[in-house]
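Required output: the full structure, derived from the provided sequences and hints.
2 protein chains.
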Amino acid sequence: MSLKIFNTLSKEKEKFVPLSHPFVGMYVCGPTVYGDAHIGHGKSYISFDVIFRYLKFLQYKVLYVQNITDVGHLLGEANEGEDRLLRQSKIEQKHPMEIAELYTRSFFEDMDLLNVERPHISPRATGHITEQIELIEILLEKGFAYENNGSVYFDVSKFKEYGKLSNRKLDEAISGTRVETRNEKKSPHDFALWKKAEVEHIMRWKSRWSVGFPGWHIECSAMSMKYLGETIDIHGGGIDNQFPHHECEIAQSESATEKQFVKYWIHNNLVTIDGQKMSKSLNNFVSLKNLFQKFGPLESRFFILQSHYRSTLDFSEEAILSSKKGYEKFLNFYFNLIERKTFSQTSNKIEVEKFYNSFFEAMNDDFNTAKAIAIIFDFIREFNSTISENKILSEENFSEIKNFIDTTCGKILGIIPNKIEKKISTDEDELMSLIINLRNELRDAKHFKFSDKIRNELENLNIVLEDTKEKTIWKKKN
Amino acid sequence: MSLKIFNTLSKEKEKFVPLSHPFVGMYVCGPTVYGDAHIGHGKSYISFDVIFRYLKFLQYKVLYVQNITDVGHLLGEANEGEDRLLRQSKIEQKHPMEIAELYTRSFFEDMDLLNVERPHISPRATGHITEQIELIEILLEKGFAYENNGSVYFDVSKFKEYGKLSNRKLDEAISGTRVETRNEKKSPHDFALWKKAEVEHIMRWKSRWSVGFPGWHIECSAMSMKYLGETIDIHGGGIDNQFPHHECEIAQSESATEKQFVKYWIHNNLVTIDGQKMSKSLNNFVSLKNLFQKFGPLESRFFILQSHYRSTLDFSEEAILSSKKGYEKFLNFYFNLIERKTFSQTSNKIEVEKFYNSFFEAMNDDFNTAKAIAIIFDFIREFNSTISENKILSEENFSEIKNFIDTTCGKILGIIPNKIEKKISTDEDELMSLIINLRNELRDAKHFKFSDKIRNELENLNIVLEDTKEKTIWKKKN
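Just so you know, the protein sequences line up as chains H and A, in that order. Its first residue numbered 1041, the first sequence is counted upward by one per residue in the working numbering. Its first residue numbered 1041, the second sequence is counted upward by one per residue in the working numbering.
Don't take each hint at face value.
Here are the computed distance ranges between Cβ atoms for each label pair [stated by the list, open to error]: (1) A:L1361 <-> H:F1332: 33 to 41 Å; (2) A:A1410 <-> H:P1062: 33 to 41 Å; (3) A:N1323 <-> H:S1351: 54 to 62 Å; (4) H:E1238 <-> A:E1436: 54 to 62 Å; (5) A:R1380 <-> H:K1516: 28 to 36 Å; (6) H:E1379 <-> A:F1417: 43 to 51 Å; (7) H:R1380 <-> A:R1380: 42 to 50 Å.
In silico DSS-like cross-links for lysine-lysine, where the CA-CA straight-line distance does not exceed 30 Å [to be verified]: (8) H:K1134 <-> A:K1486; (9) A:K1486 <-> H:K1246; (10) A:K1044 <-> H:K1134; (11) H:K1134 <-> A:K1266; (12) H:K1486 <-> A:K1486.
Note that these hints are calculated values from the structure, not bench results. Built from N, CA and C at the ideal position, the CB exists for glycine as well.
Okay, here's the thing in structure tokens:
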């Protein structure tokens, strides 16, 4: 049983063999920090977070680099028009670096809430201007780039394999995409490595070509190679970055180094909103901060992982509400599990191993979290039916089960609430068990006036008591 | 009544007049991120946080920039020896940028806990290599610097005012300080602007002089001028940075621009541990994370603000324990204030205005937080004595008082716990008031067995009930 990854470059599921076992270098395109992250960012970074976690679980020594794009590249598909950070800085009347600071912080806040582990290095594009300039110098020296009027462009005709990732031929590309109109370029396919800054462009650096700023694509080539070497194991990103961004990264990097840039390209699919693409014109972006007002971050994470990373995920309130029910079922199961304090010496036992195997089989099949979660629910079903038949399990079996869930749902999928949340609820737990014991004693003493009063007042606080055979449990109403 | 600031440059308290009212540019030297922040960092950034908050309160439009030093400058006073980030990266077997990432995050975690507001821009030294190189070029062009063997040095003899901040003459400096031994320098006073990298030096950038890295001082000149202009209103830092760091910053910046670099220099004094200087050799650094295991972050903040920023603060467990009592007294007062729900229509009234005046007088006198806190305690004393004489205050007066405390202790001093903590305790509050009501009703019904049981079981949870004339209140034991 070994890990297979769908490689966008070969369009096939390939066995994962890192360049230099057990080390894995992984680079994922990070956000452009000019606004709050939306649910599309959520899907992308949760997908790669699970990939990161799973690789670590498989004992690989992963170095995970995810950049922060704090140079405000031009708006629009054609990479022309207004600069995003500059535009936002005008709206908020702040320096572009203040905008970048603000939304970088906002991004990590959201990611922390989504239980996305931090990458090892989060390099900023503005922090790597010298490296980008150096790479452009190499491309100029080797004849892959040309300067015109203070700007430098990559000459796409010089890189014969251009299009190998996205399977586009140059002719198709030109008809399929709005192309840049700057007449400094030899061909409309060529893309900017360095742009001379207009007067009003605040983010600008000196280079020997002009006071200007780097093109969008060059930062990822420069930063991934700086931290992970000239050939990297895994490069990830949203499928919308496949063309032109990743295609251009390949062209730049492979022209400069004459080596393969990336062994495994991984692309996550996009989020649609009620069946429609998220877009500026439809104004249907759902920010994570807005989402969290209605749904918990871990509910959202669970929702996202219920579909495969290469599938589109349709976001609708209905869909997430139904997923929320599943997550609550999981949490109920989990809290029952950890609160269990009575065990039997009987031989009843749930075989955990077969569930382990199916779980890993799903994960090894190109990180199929949708299937992996379904297997967890198969397990929960078996667990619940065993429990409900009053077949009390042994302490040893409980501990196996707890390990299974902590590994699969905690370590790998990251859907178990973290310690802090647990700690908070502990205070509540203690007070609640005091109240419940008191109520049961009052009831035993036939002081029903008081025992009923307790139940009613708890209901006012949205807390419901349920008397089971073993004990009284409490739940919060929604 | 106007703000006076002790300006290290003039060694006098000066009236604060910003260069371009109402805008204030403030730059504070940030941490070198190769380890967890210690209590000395706590004192420094809390001091400047209160300065930042007070300036904003006075309606200045402040732009606050605080750098992150993620280039690992050389160890030791003489700026020679091993590179700090490099050394740490060997110990932890991580890339220097991973070390920087880790401890930058750790730094902000601690600062957030200390209720230190984030600066608007936190520029990284590695993010401003081009800007530093540009500044070095200007110094070379103007003849203030010279190149030797791939390194560039500032020629201190060319800047006649060298020593004006720290009041050192060159002769004193040489006898008082270990000086660098590299024989590339014309004079031992000269300091590096750019250093050629040794083979093992990982953090390195190309420049026309060598593959190397910037000297320590140049980053602050480059970054402060980039975001705040050639002359800035306020430059802050620890008094240990006065020489050589700030002296060198002045030399570089004023030589390059031929303008005054900083109008007001503010230096906070240091923390001593049981009367001794914190130092590597004594191994007596107290990290904030360790401190927080024993004392709450806001208790620590309160402790620090109880001395003036220009005084040394001696840290001993005794001192902070006694300060902790003061903080608890403040919190008790504050929670009583916000929980108050009964008011009278009588004419009893505490005059708030005189306390406002004394508070602002203290803050206007070079941000004297020690005195400001004493005034708050004068107020609390008057408040408590008024209340204890059963002179119940009007709702209007309570609201004035609450405003006074929220402004002085919340907005300006930042010692009121934030909303999140309040929210958590709300759940607890609700359950506790349910329990307390129940206990009182059981007692009224003479079911003492139950009412006593409640009191005892709460005690087991470290919660104590106190019956006052008005109502029963609860407290957590420490």
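Hints breached by this structure: Failing hints, ascending: 2, 8 and 9.
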